[in-house]
Amino acid sequence: MQIGTAKHSYQADEALLTTRPQRVWMALFAASLCIAPFVLDNYWLYLACLVAINVASATGLNILTGYTGLVSLGQAAFMAVGAYTVGWMQLNLGTPFLLNLVAGGIIAAAVGIVVGIPSLRVKGLYLAIATIAASFILHFIFVNWQSVTNGNSGLTLTPASFFGTPLTEYQQLYFVFVPITALMVLGAANLFRTRVGRAFIAIRDRDISAEVLGISLLRYKLMSFAISSFYAGVAGGMWAYFFRVVTPESFPFVYSIFFLAAIIVGGMGTILGGILGAVFMTLVPELLRFGIDWLTPVLPNAAAMLSPVRTIVFGLLIVGFLIFEPKGLAEIVQRSRRYFHLWPFKK
Amino acid sequence: MTAPGETGAAHLEVEGLSLSFGGLKALRGVSFSVEPGSITALIGPNGAGKTSMFNCISGFYKPQQGSVRFDGRDVTRMHPPERAALGFARTFQNIALFRGMTVLDNIKLGRHAHMKTGLLQALAYWGPAQREEMELRAEIERRIIDFLEIDHIRNMPVASLSYGLQKRVELARALAMRPRILLLDEPVAGMNREETEDMARFILDVKEEWGTTILMVEHDMGMVMDISDHVVVLNFGEVIARGLPHEVQADPHVTEAYLGSGDPAALMARLKGEAGPADGGSAAANRKTREDVA
Amino acid sequence: MSDLLFFFEVTLAGLGSGALLSLTALAFVLIYKATRVINLAVGELLMLGGYLFFAFAAGLGLPAWAAIPLAIAGGGLVGAVVERGLIRPMLGESPIAVFMVTIGLGSILVGLVELVWGTDPRALPAFMGNAPIFIGEAYVSRKIAIAFAVAAVVIAVFLVLFRYWRGGVALRATATDQAAAYSCGINVPGVFSLAWVIGCGTAAGAGVLLGSIGGISPSMGVFGLSALVVVIVGGLDSVAGALVGGLVIGLIEAWAGTYLGGEYKLVTTFGLLLVALMIRPYGLFGTTEIERL
Ligand SMILES: Nc1ncnc2c1ncn2[C@@H]1O[C@H](COP(=O)(O)OP(=O)(O)OP(=O)(O)O)[C@@H](O)[C@H]1O
Ligand SMILES: [Mg+2]
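Residue numbers (the numbering used here), protein chains in the order written: chain H, 1 to 347; chain D, 1001 to 1294; chain W, 2001 to 2293.
Chain H with its partners taken away, still in its complex shape:
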């Protein structure tokens, strides 16, 4: 049971982690992230890297959709922009990989601003559909802009290198991706302690009154698109260094749906939600694979069922969370926090 959360300064009151248990949990979590690469096997490290990439991109989408209320089904396309930028720079300029990642984010942000322009005219579902349109147009460009994207055969990258060491092992990539993602998540959390984040939330809750209260919709809607696609671009860049081949089919439309599903399942408009959702949605298909492997002795054609079952479960998770737990996993965490807060005095 916890008592006495009175703060002595505004600074303490406005910190990211305000209670002792929160800080303890965070320290434990950070410690386990540091130990993980030494205890996990290659397969789990592969998954951890994938999770890091997806968390970065989902957090970006959460800023746009969860916090600013602008629904986008184009996150995968923005990732693709980042991935192609990184690939092109590596093949044509040979610039260092951190620079490439940042450039990938910036180019994706620029594209995001253009794609966000309709948000000044249309809202809600109409905007979602405009982003669908934009992502198909981008796909067309990836296929047809031969000189840059190499068409359907795509770009093949050499491993990223860090002070001369090529990063080929998942363990090495883990040490790059996880800190980058952690920084991006921290940035997102910081955003909502300032006027920028407040402006986003105000636009989500009621854009027309936000405007009268001094928030330029033009500026902040486009800014939200820019940040969100910057995150996607960096994530896409990491993706490119992870799989080392980028084709137009690397970032299909369902991948965009995946990110929207991730923030729904995790909890829209909370930083924790973006993280939980991305982790959960990345790991569930793997768990299904274990389930199917386990069934194979009993059901001979179980392996063929894996892909359809994944598709079905993906749909069921979206529908199920929306109907039964619309605030997502983050809300479940909050509930259990409140429960332990009062423990052992149950309500």
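A portion of the hints provided could be inaccurate.
[Unchecked claim] Calculated from the model, a selection of chain H residues having no Cβ within reach of chain W, i.e. all distances over 12 Å:
1) Asp13
2) Phe29
3) Leu47
4) Gly154
5) Pro300
6) Arg338
[What the hints assert, rightly or not] Computed spacing ranges between beta-carbons, pair by pair:
7) Arg244/H - Phe2007/W: 44 to 50 Å
8) Pro1128/D - Gly2092/W: 39 to 45 Å
9) Leu1244/D - Gly2092/W: 44 to 50 Å
10) Asp1151/D - Cys34/H: 37 to 43 Å
11) Arg337/H - Pro1128/D: 32 to 38 Å
12) Asp13/H - Ser1160/D: 17 to 23 Å
13) Glu2093/W - Pro1252/D: 48 to 54 Å
[To be verified] Here are the simulated SDA-like pairs of lysine to any residue, each with C-alpha atoms no more than 25 Å apart in a straight line:
14) Lys123/H - Glu1082/D
15) Lys1062/D - Gly1023/D
16) Lys1116/D - Ile208/H
17) Lys2265/W - Ile208/H
18) Lys1116/D - Glu1132/D
19) Lys1207/D - Glu1035/D
20) Lys1116/D - Pro1128/D
21) Lys123/H - Lys1062/D
22) Lys2265/W - Phe253/H
23) Lys123/H - Tyr1061/D
24) Lys2265/W - Val148/H
25) Lys1062/D - Pro2281/W
26) Lys2265/W - Asn152/H
27) Lys123/H - Ile208/H
28) Lys123/H - Thr19/H
29) Lys2265/W - Ile141/H
30) Lys327/H - Thr19/H
31) Lys1116/D - Gly1008/D
32) Lys1116/D - Leu222/H
33) Lys1207/D - Pro1245/D
34) Lys123/H - Phe1021/D
35) Lys327/H - Arg1099/D
36) Lys1116/D - His1079/D
37) Lys123/H - Ala2175/W
38) Lys2265/W - Cys2184/W
39) Lys1116/D - Arg1131/D
40) Lys1025/D - Glu2291/W
Calculated directly from the structure, the hints in this document are not laboratory data.
Where is the CB? At the ideal position from N, CA and C, for every residue including glycine.
Use these hints to put chains D and W with the ligands onto chain H, whose structure you have.
Then chains D and W with the ligands, alone, in the frame of chain H:
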């Protein structure tokens, strides 16, 4: 350009303002002036065009004709956020708090136009960004939260507050906007007697301590007669009377407008207002807004 | 062959696929008008209709005249179940959330179809014949001509029902003002169910037509995206918009596909969508929504 941080009461002038929605003429050549440091009440029957007037002043509607001047400067073509930066602050008839934020964040949001933190500083929450936030927090605590007596709710989500408290938080947010003219759209609609008296006291205090010009739409005649320095009466988008509260009250056009509106509740409110100014006869407004809330 | 004749043939083919787009768009509009839900699973219901027909005609060996109504009824049944089970619990939630539910539903339907029938494309049993039809000198594929005729008849029937049938009137009333319709004694939940049943049945029927022209596969639901463009361009709540929009998009896709190349089809459609949204955010015929402070 007004120097940033310029304070003090502003002079607002509206001249020949006309606004129509398709065939409906909401405002027809409305002119009036709000003297610096005064409380001016804009009254009139339902649908007279009062909220439309507010929306033109804050820039949400673009009038077809006429102009709005702020300390002599024509702001008619200015976008709402620029006006907010000049010192136009307002509350809304149908409460427009941001439901996903706490009381404190709603109030902080009001300061947006006067803050400087840019995107990169925000991501890093470093140096100036942090300092600006801390200063804002301290100032809000000192000047607004204490003043409006809302310290006990500062960390609550706004959606969980009572109607009267929500209206108070709206006023708090408007005060955080560094108002030079404060536009209050029905600040006591739907409130009980006690809440109304509190609100009237706050409004008078704002005028006195903050030296802000106030323009207020209100159906509660008791309150209008009590606290306003000047009254402008709108009917069907036209000014039909203006003057000191008691002059307007005695004006036969005004009586006719309320009677002619066929709204018995408005008549009751007016009669009550005549009987005893302190007795907040806001029956009409109460009925309307209570329904909205329910 | 003269260029003009070729252009004419391409145009006819475009009108044919345009009619199918109109029909599918009608499924969107019906559901949106009554329940304000954009059902992104319309494309997947269309696919399901194709597979149901396949199951009844090829699997059970039923004749086409029996298999088609069964496929449509199957689509309608799914619509009813979905409306009761998934959409009604979401009443009052944000439109985005409901939209996402239909995306999830689409995913479930694709998975189920893949589970039952596998992922390979299949051809539907022929029931329309193959002899080409000539209009003057211009050649039209028989299947496309039949699809056009069927779509035209179905749409005409819909228009008549909308105007004169009790259910149609109830639907229009509900679309205009739900609360008022309620207080006039209209069974609003009934209208919701009805709209979903008819909308999903229509989509399934369109799937049979589309499948008999180009075969069926679990990914044929993307046709729904083109139809979505149609309704956005035409206006989500406008039947006339769906009709005109369908034909226009059908024509443009046919022209773009022929003269620019097949890969330009979808990109032209979506480019058009963006332009349309910027110029008229609520569609050519749609109702503008006003927001007040
Ligand atoms: N965006 C709009 N589109 C169409 N008509 C509008 C719009 N805004 C206001 N009106 C109309 O303009 C007229 C004036 O409305 P307004 O809201 O200004 O009245 P009001 O004086 O504030 O009334 P109340 O006391 O009921 O708040 C009304 O007839 C209203 O229906
Ligand atoms: Mg009003």
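Outcome of the hint check:
Every CB of chain W is more than 12 Å from the CB of aspartate 13/H (nearest about 32 Å), matching its label as outside the interface. Annotated as non-interface, phenylalanine 29/H keeps its C-beta farther than 12 Å from every C-beta of chain W; the closest such distance is 29 Å. The Cβ of leucine 47/H sits about 22 Å from the closest Cβ of chain W, beyond the 12 Å cut-off, so the non-interface label holds. Chain W leaves glycine 154/H outside its interface by the beta-carbon criterion, the shortest separation being 16 Å against a cut-off of 12 Å.
Remark: the non-interface label on proline 300/H is consistent with the geometry, its nearest Cβ contact in chain W lying 15 Å away (cut-off 12 Å). Listed as a non-interface residue, arginine 338/H keeps its Cβ farther than 12 Å from every Cβ of chain W; the least gap is roughly 24 Å. The hinted range of 44 to 50 Å is satisfied by arginine 244/H and phenylalanine 2007/W, whose Cβ atoms lie roughly 47 Å apart. Taking 39 to 45 Å as the suggested C-beta distance range, the pair proline 1128/D and glycine 2092/W conforms, at roughly 44 Å.
The given range of 44 to 50 Å is respected by leucine 1244/D and glycine 2092/W, whose C-beta atoms sit roughly 49 Å from each other. Checked against the hint of 37 to 43 Å, the C-beta distance between aspartate 1151/D and cysteine 34/H comes to roughly 42 Å, which is consistent with it. Taking the beta carbon of each, arginine 337/H and proline 1128/D are about 33 Å apart, inside 32 to 38 Å as hinted. Range check, aspartate 13/H to serine 1160/D: Cβ separation about 20 Å, and the 17 to 23 Å hint holds.
Checking the proposed 48 to 54 Å range against glutamate 2093/W and proline 1252/D shows it holds: the Cβ atoms sit about 53 Å from each other. For the given pair, lysine 123/H sits about 23 Å from glutamate 1082/D by alpha-carbon distance, which is consistent with the 25 Å threshold. For a cut-off of 25 Å, the pair hint linking lysine 1062/D to glycine 1023/D stands: about 16 Å separates their Cα positions. Only pairs whose Cα atoms come within 25 Å are accepted, and lysine 1116/D paired with isoleucine 208/H is accepted, the gap being roughly 22 Å.
For the proposed pair lysine 2265/W and isoleucine 208/H, the alpha carbon gap of about 37 Å is over 25 Å, so the pair is violated. With a C-alpha separation of about 8 Å, the suggested pair lysine 1116/D and glutamate 1132/D falls inside the 25 Å cut-off, and the hint holds. Distance hint between lysine 1207/D and glutamate 1035/D is fulfilled; the C-alpha atoms sit about 12 Å from each other, no more than 25 Å. Taking the CA atoms of lysine 1116/D and proline 1128/D, the gap is about 9 Å. The hint holds against a cut of 25 Å.
A threshold of 25 Å between alpha carbons decides the hint, and for lysine 123/H with lysine 1062/D the separation of about 21 Å falls inside it, so the pair holds. Annotation: proposed proximity of lysine 2265/W to phenylalanine 253/H holds, straight-line Cα distance about 17 Å (limit 25 Å). Distance check on the hinted pair: lysine 123/H and tyrosine 1061/D sit about 19 Å apart at the alpha-carbon level, within 25 Å; holds. With a CA separation close to 22 Å, the supplied pair lysine 2265/W and valine 148/H stays within the 25 Å bound.
Between lysine 1062/D and proline 2281/W the CA atoms are separated by roughly 20 Å; this keeps the pair inside 25 Å, and the hint holds. Using a Cα cut-off of 25 Å, the hinted pair lysine 2265/W and asparagine 152/H holds, with the two alpha carbons roughly 18 Å apart. Straight-line distance between C-alpha atoms of lysine 123/H and isoleucine 208/H comes to about 12 Å, which keeps the hinted pair within the 25 Å bound. Straight-line distance between C-alpha atoms of lysine 123/H and threonine 19/H comes to about 38 Å, which puts the hinted pair past the 25 Å bound.
Restraint check: the Cα-Cα separation between lysine 2265/W and isoleucine 141/H comes to about 13 Å, which is no more than 25 Å; the hinted pair holds. As the CA atoms of lysine 327/H and threonine 19/H are separated by approximately 23 Å, the hinted pair is consistent with the 25 Å bound. Proposed proximity of lysine 1116/D and glycine 1008/D is supported: the alpha carbons are some 22 Å apart, at most 25 Å. Note on lysine 1116/D and leucine 222/H: the hinted pairing holds, with a Cα-Cα distance of about 18 Å set against a maximum of 25 Å.
With a C-alpha separation of about 17 Å, the suggested pair lysine 1207/D and proline 1245/D falls inside the 25 Å cut-off, and the hint holds. A distance of roughly 22 Å separates the Cα atoms of lysine 123/H and phenylalanine 1021/D; the hinted pair therefore holds under the 25 Å criterion. The straight-line distance between the Cα atoms of lysine 327/H and arginine 1099/D is roughly 15 Å, inside the 25 Å bound, and the hint therefore holds. For the hint pairing lysine 1116/D with histidine 1079/D, the CA-to-CA distance comes to about 19 Å; that is within 25 Å, so the pair holds.
Taking the CA atoms of lysine 123/H and alanine 2175/W, the gap is about 20 Å. The hint holds against a cut of 25 Å. Proximity of lysine 2265/W to cysteine 2184/W is assessed by CA-CA distance (about 47 Å); at most 25 Å being required, the pair is judged violated. Pair hint lysine 1116/D plus arginine 1131/D holds up; C-alpha atoms about 11 Å apart against a cutoff of 25 Å. For a cut-off of 25 Å, the pair hint linking lysine 1025/D to glutamate 2291/W stands: about 18 Å separates their Cα positions.
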